[in-house]
Amino acid sequence: MACAVTVAREPDIVGPAHLAASQITVDVSVLSVTGDPVKGLSAADFEIYSDGRLVPITSCTPGPAPLNVVLLVDASGSMRWQMREEDIKDDVKDGFVPAVKTIDRVRIGSIGSQNYLSPSFTSNPQELKRAADRALDGYRNFQSPSPVWDAVYAAVEALSSVEGRRAIVLLSDGRATANRRSMEEVAEYAARFGVLINVGGEDSEHYIRQSQTEAVIVRAGAGMKAISELTGGFQMEETATVREFFAGTLELMRHMYTLTFEAPVQDGDFHPLEVRVKRADGTIRARQVYKAPGG
Amino acid sequence: MFVAIVVVVMATPSGRVGVRAGVTPDAQFRTSVSRVAVYATVADGSGRLVTDLTRDDFTIRDNGRPVEVSLFSNDPQPITVAVMLDMSGSMVNRFTRVRNSTIEFIGAMLPADRAQIGTFGDEVSVSPMLTSDKTVLTRVLRQELWPGGATPLWNALDAGMAALSRETGRRVVLTLTDGGDSCIFRRCLSFEDVQKRAVREDFMIYAIGMERPGLATEIVELSEETGGGHYEIKADDDLSSTFVQIANELRRQYLLGFAPLELDGKMHKLEVGLKRGGLTVRARKNYLAETRK
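Quick mapping for you: the protein sequence lines, in order, are chains A and B.
Residue numbering for the first sequence is 1 to 295, as defined by the numbering used here.
Residue numbering for the second sequence is 1 to 293, as defined by the numbering used here.
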């Protein structure tokens, strides 16, 4: 039950544990004031609340952990103002791919007229670079719509069959169009499988006057941010480059703690979840909802 | 469900509007090799729809030659429509009005009606769902309208037609815009491209123009040629009532059919007339007399 204590060297990367269906897994990040992962915490440093009630932590596994990741790059028309095709390809190939470790498993996809997802998980750099080329060919399809939520849904589906830490890294402006799936549906689906959704992209706010008395505030990125917070994912900082976002997110996710607890009720429903850390200097990030087994 | 997220903060739409009930979903008919379908709108001198005409009140001329009206229906017609909303930069200050009026239009749909929502501006996008599910359509309108960009009007109309291309029966593309085409994409369609497709594939084009500058002459021409309609909206006009007017018009169109005199693979001039005086009729002005395959 006790979590590992601080060690002199990085612990070996551990594989996923096999859990009973009633056990709920929560990936938890604790960052210091400088933004670095806080290491050496134990179960005693955490509290988990389900529906507002404290529940016992049954296990705590520190990072680093292998990652199962789907990288999704929005290649729709509205993104053309944000990034050049050459730049985004370079960012994926020279920023994201080198940050993937051999024990990780990654697929690369793009969002556009027809969403694309590379056929299989791999950590092979050459395969990943080819996948990036395939995903981002025709990146400058100026007219194409942005089925962001459909792409995220497909990514969650791809991750649902793998064990261990599951995450999506999404680069988009959030201007989702032409989706079959709603944002809420996708958020629930990600919450169901405990998939972390990390988001990056310009989150500009537009205040548009409609009349003398009415205005509208449009924040395309607000939906992505909300889903990221709900699932415990990271968000790209305003000052960060795309490469920094890619590499930094993988590194931070690798060092998350994995906590488990026994679901207090087994009704098959979604329940609010809150994870606290008993340290004043730590910023915690974890998913805010889980789906109980049964029902 | 537990998970609830708010993305865009906007005004709440007002109440719904009522429309006439009682459509018959199987009353749709589309041109085949052996019979040409024509939907006709009839109005009196004050613009009110006239819905009590009989087969004998109509005349049809195919390339100037009279033909028998072999099919007639004045049953209310279900609506199959792609609604293409202009989200270009010049429309941003009408964003709420457009969105809320369209939501009211969706609210007024009858169970047999189906709609598909599309937008054009930075992108041209059409929701993949042609549906009568008002919850889905309203969700699209609330989550997938993003103002900004140019006005790729012809690309948008083409996308609307493509979205309905597999549908049978009357297919309507309704666009709401404030001006002419200003496409900046690599591949920009021309008016002639869209006109050709609409006529050959029998799409009915409706257009609502927001003032300053309003509808371009080409789209007015296109709507008239395809038997659709066009409406100009002033700043203070009720956009919702225009949507309802179009919905009522579509439901109350007459379905006429005739056997083409010659299947020569060419465009034929079509003239629908009325034997009664004081009424006006709108219907498509030509059709493609496809040869048998």
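Please keep in mind that the hints were generated in silico from the structure rather than gathered at the bench.
Heads up, some of the hints might be wrong.
[To be verified] Quick look at which bits of chain B chain A covers, simulated, 3 or more residues with Cβ under 8 Å: (1) 78 to 90; (2) 95 to 108; (3) 146 to 153.
Beta carbons are placed, not taken as given, at the ideal position from N, Cα and C, and that holds for glycine.
Checked hints:
1. With 0 residues bearing a CB less than 8 Å from a CB of chain A, the segment 78 to 90 of chain B misses the requirement of three and the coverage assertion fails.
2. Judged by the Cβ-Cβ criterion of 8 Å, the segment 95 to 108 of chain B is covered by chain A as claimed, because 3 of its residues qualify and three suffice.
3. Residues of the segment 146 to 153 of chain B with a Cβ under 8 Å from some Cβ of chain A number 5, which satisfies the need for three, so the listed coverage holds.
Checked against the numbered hints given earlier, this structure breaks only hint 1.
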